[in-house]
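> Dock chain B against the given chain A, drawing on the hints supplied.
Residue numbers (the numbering used here), protein chains in the order written: chain A, 69 to 253; chain B, 19 to 328.
In case anyone wonders, no lab produced these hints; they're calculated from the structure. Wrong hints could be hidden among the right ones.
[Said to hold, decoys possible] Derived DMTMM-like pairs: lysine to aspartate or glutamate, alpha-carbon spacing no greater than 20 Å straight-line: (1) A:K249 / A:D202; (2) A:K153 / A:E123; (3) B:K94 / A:D155; (4) A:K110 / A:E136; (5) B:K94 / A:D142; (6) A:K173 / A:D202.
Small disclaimer: the values here were computed from a predicted structure and weren't measured.
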Amino acid sequence: MKTKIISLFLFIILIAVNVKGFAVSSPYWSDNPLIMEPGETKIVTLILQNMVGSEDLIAHASLLQGSEVARIIDSSLDYNVPFGKDDIKVNIEVTIPNNAPLESKYTIDVNFVAESKNKKEGVQLNTGVRKLIDVYVREVPEPTAKATEESKESAKKTNYLWAIILLVILILILIWAFRKKGEGK
Amino acid sequence: MRSMEKQERGFIVLIILTVIILALPIIYPPFLNQITGRATTQSTTVSISITNTNPVVLSTAGINGSTQTITEGGTKRVTFYTVINDDNGASSINNVNATFFRSGESLRSNLSCVLVSNLNSTAGNFSCTVGTLWFDLAAIWEVNVTANDTSNGKTSPFNTSFTLSETTGMNATLSSITFASSNPNTFNVTSNNDPDTIQNTGNKNNTQIQVEGITLFGDTDSGTFIPAANFSVSIVTGSSLECTNVTLSNQTTTLVNNTLVSIANATLGRSATSTRDLYFCLMHIPLNVTAQTYSTGGTPDEEDWTVGVV
Numbered sequence: 069m070k071t072k073i074i075s076l077f078l079f080i081i082l083i084a085v086n087v088k089g090f091a092v093s094s095p096y097w098s099d100n101p102l103i104m105e106p107g108e109t110k111i112v113t114l115i116l117q118n119m120v121g122s123e124d125l126i127a128h129a130s131l132l133q134g135s136e137v138a139r140i141i142d143s144s145l146d147y148n149v150p151f152g153k154d155d156i157k158v159n160i161e162v163t164i165p166n167n168a169p170l171e172s173k174y175t176i177d178v179n180f181v182a183e184s185k186n187k188k189e190g191v192q193l194n195t196g197v198r199k200l201i202d203v204y205v206r207e208v209p210e211p212t213a214k215a216t217e218e219s220k221e222s223a224k225k226t227n228y229l230w231a232i233i234l235l236v237i238l239i240l241i242l243i244w245a246f247r248k249k250g251e252g253k
Numbered sequence: 019m020r021s022m023e024k025q026e027r028g029f030i031v032l033i034i035l036t037v038i039i040l041a042l043p044i045i046y047p048p049f050l051n052q053i054t055g056r057a058t059t060q061s062t063t064v065s066i067s068i069t070n071t072n073p074v075v076l077s078t079a080g081i082n083g084s085t086q087t088i089t090e091g092g093t094k095r096v097t098f099y100t101v102i103n104d105d106n107g108a109s110s111i112n113n114v115n116a117t118f119f120r121s122g123e124s125l126r127s128n129l130s131c132v133l134v135s136n137l138n139s140t141a142g143n144f145s146c147t148v149g150t151l152w153f154d155l156a157a158i159w160e161v162n163v164t165a166n167d168t169s170n171g172k173t174s175p176f177n178t179s180f181t182l183s184e185t186t187g188m189n190a191t192l193s194s195i196t197f198a199s200s201n202p203n204t205f206n207v208t209s210n211n212d213p214d215t216i217q218n219t220g221n222k223n224n225t226q227i228q229v230e231g232i233t234l235f236g237d238t239d240s241g242t243f244i245p246a247a248n249f250s251v252s253i254v255t256g257s258s259l260e261c262t263n264v265t266l267s268n269q270t271t272t273l274v275n276n277t278l279v280s281i282a283n284a285t286l287g288r289s290a291t292s293t294r295d296l297y298f299c300l301m302h303i304p305l306n307v308t309a310q311t312y313s314t315g316g317t318p319d320e321e322d323w324t325v326g327v328v
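Bound conformation, chain A alone (with noise of 0.2 Å):
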């Protein structure tokens, strides 16, 4: 009888979701990623943009992971988005702890959540877009002179190969003739 009663009222789960367009670029991507040294530090610009919904945004920025070696450094973590803008600007800096030992890796993973600045009444459903940078720790490598300076030894010691091999067939044949003379005698 309870459940008939129930079931005369309407039971409705609203989501009411804006279309919303939403995005994120990066200058570090799986296959260009970020190369540090230890103690060094870089600030790395992540820009927002709205170009495709139509209406303003404001994304909520958050690090879900690598917050031990960066962190987001503008005054606030709530950037407006105006719909039709392409250039806001986000800054994290990293910095490589001096111990950090060579060739390990970090990641960070930075979390936009968009949502619009007309809140409806129900349910909204908002856009999230995730940031990956992969941070290598390793040696900035030499200039390239040294690779030129290492041709150039490399050329000297076989040069000086030849001349050893020379030398010793010269011996060779000299003793060789001695003794050829000495038989003769």
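The following block gives chain B in isolation, referenced to the frame of chain A:
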């Protein structure tokens, strides 16, 4: 006897000469060229009358080594400048072209750069604008500039490069998702207005779609609720396939409260037409819920759900 000694001496001299000949190319490398019949050099006077001088690309600015971004879901117009010189006079520079090239990608070009100003009697500064599309590969792109003059003389190839950064973006088509009125303890209530079509508006390949669900409390009486884990999302539909308890778990994903979860097989490729349809299911309405609206609004005002990409 004497003649034998003479012979031996001659033999030793011969050996020494052989060694010297072998050593000579090391001590004096051009020696080899001289004994192998290579033609000797000789000066001669040649007179050719050339009536036209080909134009030359002197420089480019605003693009060399720069980092560019695409515009989500559209065309980004990248403008840079190039200086062309023609000894026959700047006015004889007829046509300046610029292209962006990346192996495996469509060529992007501007077939007629615009003269901004003449820098002097022989050089002109040209403005080139090349459009990159939102699905162009994130990578280093080569920039090629060429110019013709009025006598059809052409410049030698001039190359530089820029980095096109990676953009992750999405667009959702639906303004709302609704579920039909249902009774408590009902199973597999599918949304009656999906799919929510998600488009890849960036140049990241294999973008993964994720959804974060939030437990829904009653809008007027928060004493009862529908857990986020009672909802599922899928890229398949029909016969309630979007409901986890109907289909295989590797085709449909159950939501987890307050956590971004990757939707099974919901990836977006890098192309102009890369979209995925998402279908929502309320797998079970708890028996004890009271009759009212359940949403993220009302009291309490819960966090919104999120559909995102990574």
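> Okay, which hints does this one fail, numbers in order?
1, 5
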